[in-house]
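One letter stands for each residue in the lines below.
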Amino acid sequence: MGRYIIRRLLNMLVVVLVVSIITFGLMHAIPGGPFSREKKLPEETIRVLNERYHLDDPLWKQYGNYVYAVFIPHITTTPPSNSLSDDFMINVNIGSVWIRWMNFGPSYKSRSRSVNDIFRDNLPISAQLGLLSLILAVLIGLPLGVLSALKQNTILDYLGMGVAIFGVSVPVIVLGPILVWIFGVALKWLPVSGWGSHPPFLLGFLPTNFGWQYIKYAIMPTVALGLGSSAVIARLTRASLLQTVREDYIRTARSKGLRESVIISRHALKNSLIPVITILGPLFATLVTGTFVTELIFGIPGMGKYFVTSITNRDYPVIMGTILLYAVFLVLANLLVDIAYAYLDPRIKYD
Amino acid sequence: MRKLYITFCLLIALSMLLTACGATGGAGQDLKILYTSFSGEGDVPTLDPAIAEDTSSIQIIEETFIGLTNINEVTSAVEPGMATDWEETINSDGTVTITFNMRDDVSWVRWNGEEVEKVKSCDGDDRMVTASDFAYGIQRNQDPAVASPYAYLLGIVLKGAAEFNSGETSDFSTVGVDVIDDSTIALTFLAPAAYNSQIAGLWVARPQPKWLIEGDECTEAVGERWGEAEFFQSYGPFTLKEWIHDSSLTIVKNPFWPGTDEIPVSKIDEINFKMLDVTVQFAEYEAGTIDASDVPLDAIDRIKADPVLSKEYLIAPEQCSYFYGFNNQAEFTNDVRVRRALSLAVDRQSLVDNVTKGGQEPAQWFSRPGLAAAPTIASHPDLGISFDAEAAQAELQSYLDDKGITAADVDLTLLFNTSSTHQKIAEAIQQMWKDTLDLDVKLINQEFAVFLETTDGPNAPQIFRSGWCLDYPDANNFIRDVFASGGNTNAVDADGTLNGIQWVNEDFDELVIAAALESDPAIRLAMYAEAEEILVDKDAAIAPIYWYSLNKITKPYIIRTYGVTGHEAYEKWDILPH
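One line per chain: the protein sequences are U and C, in this order.
Numbered per the working numbering, the first sequence spans residues 816 to 1166.
Numbered per the working numbering, the second sequence spans residues -10 to 567.
Any given hint could turn out to be false.
What the hints assert, rightly or not - Mimicking DSS-like on lysine-lysine, the simulated pairs with C-alpha atoms at most 30 angstroms apart in a straight line are:
no., chain 1, residue 1, chain 2, residue 2
1, U, K1003, C, K21
2, C, K431, C, K413
3, C, K256, C, K21
4, C, K21, C, K107
5, U, K855, C, K346
6, C, K561, C, K256
7, U, K1003, C, K544
8, U, K854, C, K148
9, U, K854, C, K413
10, C, K21, U, K1031
11, U, K1003, C, K541
12, C, K527, U, K855
13, U, K855, C, K148
14, C, K293, U, K1003
15, C, K293, C, K413
Keep in mind that the hints were calculated from the coordinates and are not lab data.
Modelling step: build the complete structure from the supplied sequences, incorporating the hints.
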């Protein structure tokens, strides 16, 4: 298993490099640049700006420098400075030597921040919201799916799947403003927008205040974001469980005289979780790295927005940073999924 | 029994949360805190005057740094800022030197985590704002290493600035900035233009704390990060207290600002700006959590019908123009009759009443009325172009007869950048062209940066959407900076390639250059009126559509002014007890 994981992590590096080449190529291929403005900048100013950000270098050199800055650890004796171009994610000090790794560069748009600043300040908020939604989605989706499967073709099944279809078909962009209107504007029970914690974070990503002050901000976006995913989980669980309960080993278990609740929880459910776990991986990566619409509707200072605005602004370092971040999360989540398979189904082995 | 126990535990936990919530309210009753919001796509990009370029950055800079001159946010008039008075001398080489006499009683301040304190020098004295701070600010704005996107504003007026910015020389003493003593600075301009004193007061020419940026014996250099809340220093009526990126920014009253007739000491203690989409902002306003908000277009009908909201709603002019540019060299639109027919056929009144709805004004010409030296509807009611179906049909018919073709043969394309507002406007105008002229104009849209690339090239489409907002409130910033040969939407490459509207009219160019240097306001106004007539009617190089308006909604307990220059002067606002 250990060797398998190491091999997968090495593969991840290759995947991330390939993603970075494709992203780099695509973003330079689309027309327009970071300094396109409706109020056009003089050619001289654009030249100066390009020079400053080394955009006047040939593309292969720009890409080479990027890979060097992001992927290769730097070992140096100069301590970190306040410069935005010299902001590494990881700085380790051993004696007089600094090991510094992952410099994603400065943002062209937010000119007093680097991409690492955006990761440090915004990613934790997206991650908190994403994790809460994922937990909510599983807490609602799994029981709902199990219930519907066990009571197949009863009123409970129809009700459960009705809720699921509602969850899938009413997008956040509709549900969000309705929630805001009811609980924020009309009843004034919950704040209309914002997020209950802000930097600095505990361990880099946990809220420092976890009470009502935090929860009241989290309720509506978590529900809006989690509901859609819970519906997907519910439908998958139902379908998968319905298939599993018809398997021979379930009949065997029944004929042994096991109680129905033990059969379901210990034998059927565990085996029917494989497809559910499979989608939880990508779902985790998507939710945790930020969701544009939810964050916009609830005014949450997360990462989601940067996936979209970085492209409209042609903010190259932010485009690269967000895409690579997503790629890493996705690959890691899929690795966790594969490890979970081995636990859920002992027939699956990786060595 | 076990279930009961769990329920009991949950109830206890819930009640603890709720009491925790109750205990935190009620702080800061004595402070006047204004809650408002920026619209737009999120974070304030920077608070560094040297590199700022967007509205939200400039808004905060206007409140925390004051220029040599100040532009009144309501009247657009130039008034004293950090300079109490100034005098102009024309030099023998045609340049003009303005000597500014500055206040010497303004100290740099910072928020120390608990209160606003004066910044001390290494000797322990107060650091006062001096002429050298201004010189350093201008130098940083022009420094090619800083790479300011707005360096060209000073570049077009200030002697030697363009050469310094382009790296032709690295000697800042060649730039027309002379520090005479701590409270006197002389700026030398290329020509005696009416707007020199306006540009001298803009955010691009504001002091910056050199000791903080580059460091000195008692201050650590923080470089580009000096605009962050933990380092920030300023001297205007407010200073920065807190900046939670992408979420909110708070400025706090500077009690050490001396207060002048033009820029008083603030009555409000703190201003909290949230960074929200306009729809979310308005929801916060309706929930009563922010005091002043922008208005989403789709809420305007509801606001107008609501007895309470309608009283809190106000439309004010905004210094921007919306227009359609014509490619004056492309097939069909290279004939003035076609261009004029298209422009005459646009029923602008109907468009602003039924489509845009936000109180915009139908534009008869380009320069927004209210700018210095720009014509107004009151002074020139018949200037320019307006809806006239018959005249439009006659112009087009004359063209069709001439060429021996029919309206069906005229193949036109209108390009706009992808956005629902632009789409609605384009569809309405497309229908007007169909109804009045029987022309079928194709609509295409492109993503913004792609759109900019297309319209700014030699292959600009026949008709394209565009717009312009002020940098400084003078007609020169509109009609000349945009449309004179080489202007923003009429650019000419070094090899002579025409871009944008691709319009060449030497009379127009001469007229707007002469108007810039004219000292008699009445003659200047007449010259710009004539230039507008050439641009929108005689040559119909563009079709002006509407002049922008601000849609603002403010709680009744707020006393405020409405800034038309793109920013507000919050030091003039007040909050009544409520």
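Hints, one by one, checked against the model:
About 23 angstroms separates the Cα atoms of K1003(U) and K21(C), which keeps this hinted pair within 30 angstroms; it holds. The straight-line distance between the Cα atoms of K431(C) and K413(C) is roughly 14 angstroms, inside the 30 angstroms bound, and the hint therefore holds. For a cut-off of 30 angstroms, the pair hint linking K256(C) to K21(C) stands: about 8 angstroms separates their Cα positions. A hinted pair counts as satisfied when its Cα atoms are at most 30 angstroms apart, and K21(C) with K107(C) qualifies at roughly 22 angstroms.
Of the supplied pair hints, the one linking K855(U) and K346(C) holds, its CA atoms being roughly 29 angstroms apart against a limit of 30 angstroms. Pair hint K561(C) plus K256(C) holds up; C-alpha atoms about 7 angstroms apart against a cutoff of 30 angstroms. Proximity of K1003(U) to K544(C) is assessed by CA-CA distance (about 18 angstroms); at most 30 angstroms being required, the pair is judged to hold. Among the hinted pairs, K854(U) with K148(C) is consistent with the structure: their alpha-carbon atoms are about 23 angstroms apart, no more than 30 angstroms.
With a C-alpha separation of about 23 angstroms, the suggested pair K854(U) and K413(C) falls inside the 30 angstroms cut-off, and the hint holds. In summary, the hint linking K21(C) to K1031(U) is supported, as the alpha carbons are separated by about 26 angstroms, within the 30 angstroms threshold. Between K1003(U) and K541(C) the CA atoms are separated by roughly 23 angstroms; this keeps the pair inside 30 angstroms, and the hint holds. Taken as a hint, the K527(C) and K855(U) pair is honoured in the structure, with Cα atoms around 26 angstroms apart against an allowance of 30 angstroms.
Under the criterion of a C-alpha separation no larger than 30 angstroms, the hint pairing K855(U) with K148(C) is consistent with the structure, at around 22 angstroms. For the given pair, K293(C) sits about 23 angstroms from K1003(U) by alpha-carbon distance, which is consistent with the 30 angstroms threshold. Restraint check: the Cα-Cα separation between K293(C) and K413(C) comes to about 21 angstroms, which is no more than 30 angstroms; the hinted pair holds.
In terms of the numbered hints stated before, the structure departs from none.
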